[in-house]
Amino acid sequence: MRLLPLRTICSSRTYAFTPEVQLTPTAKDRPPPANSNFYITLLNQCAAEKSLTQTRRVQLHMKQTGFPHLSLGNKLISAYLSSGSVDDARNVFDDMPQPHVVSWSSMISSYIRQERSQEAVALYKSMIIENLVPDEFTFSSIFRAFSDLRLFNGGRTAHGQSVVVGLQAGNVYVSSSLVDFYAQFGRLGEARIVYDSVKAKDVVLSTALIVGYTKNGEDRQAIEVFGEMLNSYIQANDFTFASVLIACGNLKDLTSGILIHGAILKSGFGSWIAPQTSLLSMYSKCGLIEDSLKVFNGILNPNTVAWTAIIGCLLHSHREEEALSMFRSMILNSVAPNAFTLSTTLSVCASLALFEQGMLIHAYALKSGLAANRFVISALVDTYGKCGHVGMARMVFDSLSAPDLVSLNSLINGYGQSGNGEEVVRLFDMTKRLGIEPNDATYVNVLFACSNSGMLEEGRRVFSLMFTDHSLGPSNDHYACMVGLLGRSGRLEEAEELLSKVQKPDKVLWRTLLGACKIHGKLEMAKWAARKVLELDPGDEGTYILLSNIYASLGKWKEVINIKCLVREMGFKKDPAVSWIYVNKKIHTFMAGDQSHPDGELIYKELEELIEKTKGLGYVPDTSFVLQQMEEFEMERSLFYHSEKLAVAFGVLSSRGKTCNTITIFKNLRVCGDCHNWIKLVSKVIGKEIIARDAKRFHKYRDGLCSCGDYW
DNA sequence: CTAGGGTTAG
3 MRLLPLRTIC SSRTYAFTPE VQLTPTAKDR PPPANSNFYI TLLNQCAAEK SLTQTRRVQL
63 HMKQTGFPHL SLGNKLISAY LSSGSVDDAR NVFDDMPQPH VVSWSSMISS YIRQERSQEA
123 VALYKSMIIE NLVPDEFTFS SIFRAFSDLR LFNGGRTAHG QSVVVGLQAG NVYVSSSLVD
183 FYAQFGRLGE ARIVYDSVKA KDVVLSTALI VGYTKNGEDR QAIEVFGEML NSYIQANDFT
243 FASVLIACGN LKDLTSGILI HGAILKSGFG SWIAPQTSLL SMYSKCGLIE DSLKVFNGIL
303 NPNTVAWTAI IGCLLHSHRE EEALSMFRSM ILNSVAPNAF TLSTTLSVCA SLALFEQGML
363 IHAYALKSGL AANRFVISAL VDTYGKCGHV GMARMVFDSL SAPDLVSLNS LINGYGQSGN
423 GEEVVRLFDM TKRLGIEPND ATYVNVLFAC SNSGMLEEGR RVFSLMFTDH SLGPSNDHYA
483 CMVGLLGRSG RLEEAEELLS KVQKPDKVLW RTLLGACKIH GKLEMAKWAA RKVLELDPGD
543 EGTYILLSNI YASLGKWKEV INIKCLVREM GFKKDPAVSW IYVNKKIHTF MAGDQSHPDG
603 ELIYKELEEL IEKTKGLGYV PDTSFVLQQM EEFEMERSLF YHSEKLAVAF GVLSSRGKTC
663 NTITIFKNLR VCGDCHNWIK LVSKVIGKEI IARDAKRFHK YRDGLCSCGD YW
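Numbered according to the numbering used here, the first sequence spans residues 3 to 714.
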């Protein structure tokens, strides 16, 4: 067999500096002498250039010239590992009678870098069996493998071994990763002991402990360690600043946050991406989204993490539209979204119930291979559910080989929102078989669904399971669901009795009772519940509104006016009702009596016609939903211009002549009773399905009926 | 060896 020309192995640029190889163009086809220095030089170059092909060629060359290549096995391994092929390295490794400890440890850390912790641990164990003494490099990487595999005992044993060989307390590398290991298991006591055992602490060790504390909700401790660190004159680095700011954000400790911002600028880390990203997150958690944006705008080349962070900040500040346009800018700036980005952006879509956008991201996830990520999946389930497409949510959910708690909760919520209480209960009864332990959120979702669908007996059964099956003490939220369920089923006395068992009822609970009183016109109990809410929060405007609604529905206009005056005096700004609809890739927003839409005239004309047609089908404006005392005619007018009616009119207008059979509108508050009746009739008039998502759930109107069965 | 961003429920 012809030998490979050496020129291809050794680039001309490098061999000029390695005269001992003596490669001359005339010598290129002659086999070289079996000189280990020659191969060492070559392998060093291969490692430096990280070239897998070159390394393979060198090994082949060794075999062809009969050179005992295993004598340079450690070199070969190192070259293969530098060029990224653990498997090639492993082949050499397995052939060697006695690989060097350095080879063992670099094999182990390479496996870990490639997320092959299983193989790393296996190698570590053989090392121990063969009575080899692992070095500091082995120890500093192996703990990561144990925490990846959730093998606490394995890691603890390795900790013991590191102590035995005298490598723990004296070595910051080993100790830092040990601190991280213990923190991954929530064992902060042990982490702290390891940390304290090190005499010569450094930045990395301290940072590891800070991170450990923040990941386990011990944010105060994290800030304390940061202080200790500064007192010992250890300079914080970009990692440290990035980590300690998380603690400030979690605690909403703006004072510390601003101090640290100053320290970052002073120590020259002001333009480093990790501290900047953490800073902007911190500001948003402290409610200062403008400052987040300022920091973000100061980042020269935001990477995926920074973009994701700012999208998340905008989402949490309820600036969803801006969050979406940030996502678009990210794409325009050719920064590739990852699973974090997609799940965050999907959350934005879920929040605005943007079905099409959600599907686009779903498509992107499938193309880019991110659709298997469980965060992406549960965000998709959530988004589809909140868009009223629970079938799609189910499809995504079923793609999970092992469903997890979050996606299950999202799916349950999806069915609950679209009023399919039976499926919710079926899923709930299946959780055990799926190997999932329900948590408090599961119960909130299930009970809420029962309440939404008026499933009294099922609700009671599920509620009692909280005590017997899971001994999850019900929280106020669970009680609120039950009070709502009992109250809406007309069992107000029972609801009241249940409420009396709650140790510390919160205002949500009392307001739920108040809501139930409203449905059944129970004025006395309503007044009592309202008083309770106001004792807890005198500024709760929702209560005033509910109360005035009750008076209004009973026709007691004097009381209504009194409350309205009171509210006005107190200077509340009621969240205005807003409805919106997605037409031609644009969000069109409407407020009551809104004249601002460019097609305003056409919309009002359409609305008038629809009202006339529905009146033909028996629509009678129900003025008890109007809060002011007005002339009957005016009451009607103000009803007619409710935001959801305008949105429906616009939807009808813009879907005319198009093939789509569904009009979907959204409202930030709950749909009003009069509009609810009216939209039912509209669906009959236009012969199309109308979906309305309000603050609590979906209403699917078809042929004069609504999926909620008028129960909401 | 250490780092920044993520899903449900309220």
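It is possible that some hints are incorrect.
Mimicking DSBU-like on lysine-lysine, the simulated pairs with C-alpha atoms at most 30 Å apart in a straight line are [claimed, not checked]:
id	residue 1	residue 2
1	Lys617	Lys520
2	Lys524	Lys558
3	Lys560	Lys588
4	Lys702	Lys615
5	Lys588	Lys558
6	Lys506	Lys560
7	Lys566	Lys509
8	Lys566	Lys520
9	Lys254	Lys203
10	Lys617	Lys534
11	Lys702	Lys686
12	Lys524	Lys509
13	Lys296	Lys201
Because the hints were derived from the structure by calculation, they are not lab data.
Item to check | Holds or violated: Lys524 to Lys558, with C-alpha atoms at most 30 Å apart | outcome: Holds - the C-alpha atoms of Lys558 and Lys524 are around 13 Å apart, at most 30 Å.
Item to check | Proposed proximity, Lys509 with Lys566 (alpha carbon, max 30 Å) | outcome: Judged against 30 Å, a Cα distance of about 21 Å means the pair holds.
Checklist entry - Holds or violated: are the alpha carbons of Lys566 and Lys520 at most 30 Å from each other? => result 17 Å, holds
Item to check | 30 Å Cα cutoff - pair Lys588, Lys558 | outcome: Violated, at about 42 Å.
Checklist entry - Are the Cα atoms of Lys702 and Lys615 separated by 30 Å or less? => result Roughly 20 Å separates the two Cα atoms, so the pair holds.
Item to check | Holds or violated: Lys617 to Lys534, with C-alpha atoms at most 30 Å apart | outcome: 42 Å, violated
Checklist entry - Taken at face value, is the distance from the CA of Lys203 to the CA of Lys254 at most 30 Å? => result Holds, because 29 Å separates the two Cα atoms, which is no more than 30 Å.
Checklist entry - Straight-line Cα separation of Lys617 and Lys520 no greater than 30 Å? => result 27 Å, holds
Next on the checklist: Against the 30 Å threshold, does the CA-CA distance of Lys702 and Lys686 hold or violate the hint?
Outcome noted: Judged against 30 Å, a Cα distance of about 12 Å means the pair holds.
Next on the checklist: Against the 30 Å threshold, does the CA-CA distance of Lys296 and Lys201 hold or violate the hint?
Outcome noted: Roughly 41 Å separates the two Cα atoms, so the pair is violated.
Checklist entry - Is the hinted pair Lys560 and Lys588 satisfied, with a Cα-Cα distance of at most 30 Å? => result 43 Å, violated
Checklist entry - Straight-line Cα separation of Lys524 and Lys509 no greater than 30 Å? => result 19 Å, holds
Hints 3, 5, 6, 10, 13 from the list above are not met by this structure, while the remaining hints are.
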